[in-house]
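There are 2 protein chains.
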Amino acid sequence: RCFHFCKLPGRVMGIRLLRFTSVVIIVLLLVAGALTALLPTIKDDKLPNSRREPKTQSQSALDSFTLIMQTYNRTDLLLKLLNHYQAIPHLHKVIVVWNNIGEKTPEEMWNSLGPHPVPVVFKVQTVNRMRNRLQNFPDVETKAVLMMDDDTLVSAHDLAFAFSVWQQFPEHIVGFVPRKHISTPSGVYSYGSFELQNPGFGNGDQYSMVLIGAAFFHSGYLEDFQQQPEAVHALIDETQNCDDIAMNFLVAKHTGKPSGVFVKPVDIRNLEKDTNSGYSGMWHRAEHLLQRSYCVNKLVNIYGGMPLKYSNIMISQFGFPNYANHKNKM
Amino acid sequence: RCFHFCKLPGRVMGIRLLRFTSVVIIVLLLVAGALTALLPTIKDDKLPNSRREPKTQSQSALDSFTLIMQTYNRTDLLLKLLNHYQAIPHLHKVIVVWNNIGEKTPEEMWNSLGPHPVPVVFKVQTVNRMRNRLQNFPDVETKAVLMMDDDTLVSAHDLAFAFSVWQQFPEHIVGFVPRKHISTPSGVYSYGSFELQNPGFGNGDQYSMVLIGAAFFHSGYLEDFQQQPEAVHALIDETQNCDDIAMNFLVAKHTGKPSGVFVKPVDIRNLEKDTNSGYSGMWHRAEHLLQRSYCVNKLVNIYGGMPLKYSNIMISQFGFPNYANHKNKM
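Line by line, the protein sequences give chains R and B.
Each residue of the first sequence is one higher than the one before, starting from 141 at the first, in my numbering.
Each residue of the second sequence is one higher than the one before, starting from 141 at the first, in my numbering.
If you are wondering where the hints come from, they were derived from the structure by calculation, not from laboratory data.
One thing to keep in mind: the hints can contain errors.
Since the list gives no way to pick one copy over another, a pair counts as held whenever it fits inside one copy or between any two copies.
Claimed, not checked - 30 Å max Cα-Cα, derived DSSO-like pairs, lysine-lysine:
| no. | residue 1 | residue 2 |
| --- | --- | --- |
| 1 | K263 | K397 |
| 2 | K438 | K467 |
| 3 | K467 | K393 |
| 4 | K397 | K283 |
| 5 | K404 | K220 |
| 6 | K263 | K220 |
| 7 | K449 | K413 |
| 8 | K449 | K397 |
| 9 | K397 | K220 |
| 10 | K283 | K449 |
| 11 | K283 | K393 |
| 12 | K467 | K413 |
| 13 | K244 | K393 |
| 14 | K220 | K467 |
| 15 | K467 | K404 |
| 16 | K438 | K233 |
| 17 | K404 | K449 |
| 18 | K263 | K467 |
| 19 | K393 | K449 |
| 20 | K283 | K220 |
| 21 | K244 | K438 |
The following block holds chain R by itself, in its conformation from the complex:
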């Protein structure tokens, strides 16, 4: 029957055309149906009442960092600090370097208290070495490493800011603890902090190292460290000290500039006293500072020169915590 269509101009419109049109429409519907099958399936975690897909897996290698924390005999502090550090902005992953030889890691407990914001990997060590934390861990997927001592608490604000500073100075050690060496007329170097005389470059003090126990640096330096002369590794093993001094020598040599950039921390705390283990850090040993002066001179021998350079740049965050912290009398 030809109702509506028959009224249209051109009597060629007939049943044949009607059939043809119907076939076309049906084919189009089938094709559309097939196409919808190709659409990406809606994942469970995009449903409103479920958790978001973890962002960290997709964060760019440049926009996030890996925390490496070596621990020995202070598991209570470790766990306290992990609760804090696991939530730092831009953190990609945590690597715990487990120097408690023969002791089980707290991994089970850790997992039972999940979920956690980022993956935490426990790297069990076979020998308790200071330089274990400087291995070139394949777990590190980011360009930046944040290295923290297991008794040091730095606020999230400080870390977020220092990370942004590292991104502007990626070849430097950007951190919170400055130290220096000074030379003496005898040619023997000494290691110390601000209590030592200024190196004599105009007024004010200078620093020539930034300690890696609270600092950001490029993950590539882990590989570089492994490539250093065996004598360097032997020195660190002999003293169970000075890995940070060695890293500063490495970086200074590599860049030809001061190894570190000092960021003045607003809130940095040493939690040593809070530990139940009764263990206090290596730096309490009587010979600690003398060892470090010894290391400076040994490293100068090994490298055939003094590569460390001085800097007096101190970086703070503009307008934080006090929004007028830059204000002056003018």
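Please build the complex by placing chain B on the supplied structure of chain R, with the hints as guidance.
The following block gives chain B in isolation, referenced to the frame of chain R:
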């Protein structure tokens, strides 16, 4: 006669040899005498009781800077400041941009009160323009320019430190006065300081400009400024303002980074109140800040975009004035 020599072995030593030896000795003495004539003559100023030869003439173009100070109607302040600034370390030369049209410069008095540590050049202007100070003066022999307003006193310590910072950031404007722009939902920009809302990048404040009235920058930017579109020069002439905002736009566009690096001054003073002229600076005009917001938007139009970038880096001098100014609770 043959006395001493005749006793020597070998009777060949005779008068002939004696003559020969004498001739050789005389020739050697003559040659030595001729050589001493070639030695550099000892200049008068190397004598212990005379002044040393001025160092500035031989200072490397990178190790010293040129002070450019524009002045209008505050000659008393100018002279006070010149006494201070003429002795700043690493200063090569002073250029005074004389905007007092038709008025004699104090050059005669200046010379009568010599000698001075560095040359001071008075550049007499024909029109009182704010942008006179941004001419590409051929007198500038250094890579760095220090630009100071004629009512601003910055301590020598601050200047020496900021100059050393500039040397590490030579493509930036390194100075003591940070400002920022903010954008608003309407797309119109506003200009201001810390009293404006933070631009919203995490916590703390940000700055996107460093004013050139107390800053170091590369002398090459003077040439660049002359090359800017005529509309930029016209804007500055129209407002008698905003030359510094324009310079920040220029530098930001050139580097693709934040234009300025802020160095927190220890001692910076505005001497406006001390002038006898009764003239107070342009920034007291009611429309001053509104003009600057206006300039920001005009410059965005001229450049077809907003090139300014934010930074929150605040630099201070490590260990100065307080040798433990970096110390923290740890």
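How the hints compare with the structure:
no.: 1; hint: K263 <-> K397; verdict: neither (33 Å within a copy, 40 Å between copies)
no.: 2; hint: K438 <-> K467; verdict: between (45 Å within a copy, 29 Å between copies)
no.: 3; hint: K467 <-> K393; verdict: between (38 Å within a copy, 28 Å between copies)
no.: 4; hint: K397 <-> K283; verdict: both (20 Å within a copy, 21 Å between copies)
no.: 5; hint: K404 <-> K220; verdict: within (24 Å within a copy, 36 Å between copies)
no.: 6; hint: K263 <-> K220; verdict: within (18 Å within a copy, 66 Å between copies)
no.: 7; hint: K449 <-> K413; verdict: neither (34 Å within a copy, 44 Å between copies)
no.: 8; hint: K449 <-> K397; verdict: both (6 Å within a copy, 26 Å between copies)
no.: 9; hint: K397 <-> K220; verdict: neither (37 Å within a copy, 39 Å between copies)
no.: 10; hint: K283 <-> K449; verdict: both (24 Å within a copy, 24 Å between copies)
no.: 11; hint: K283 <-> K393; verdict: both (20 Å within a copy, 28 Å between copies)
no.: 12; hint: K467 <-> K413; verdict: between (37 Å within a copy, 20 Å between copies)
no.: 13; hint: K244 <-> K393; verdict: neither (39 Å within a copy, 57 Å between copies)
no.: 14; hint: K220 <-> K467; verdict: between (37 Å within a copy, 25 Å between copies)
no.: 15; hint: K467 <-> K404; verdict: both (18 Å within a copy, 8 Å between copies)
no.: 16; hint: K438 <-> K233; verdict: neither (35 Å within a copy, 46 Å between copies)
no.: 17; hint: K404 <-> K449; verdict: both (19 Å within a copy, 23 Å between copies)
no.: 18; hint: K263 <-> K467; verdict: neither (47 Å within a copy, 34 Å between copies)
no.: 19; hint: K393 <-> K449; verdict: within (9 Å within a copy, 32 Å between copies)
no.: 20; hint: K283 <-> K220; verdict: within (26 Å within a copy, 53 Å between copies)
no.: 21; hint: K244 <-> K438; verdict: neither (36 Å within a copy, 66 Å between copies)
Comparing the model with each earlier hint shows violations of hints 1, 7, 9, 13, 16, 18 and 21; every other hint is respected.
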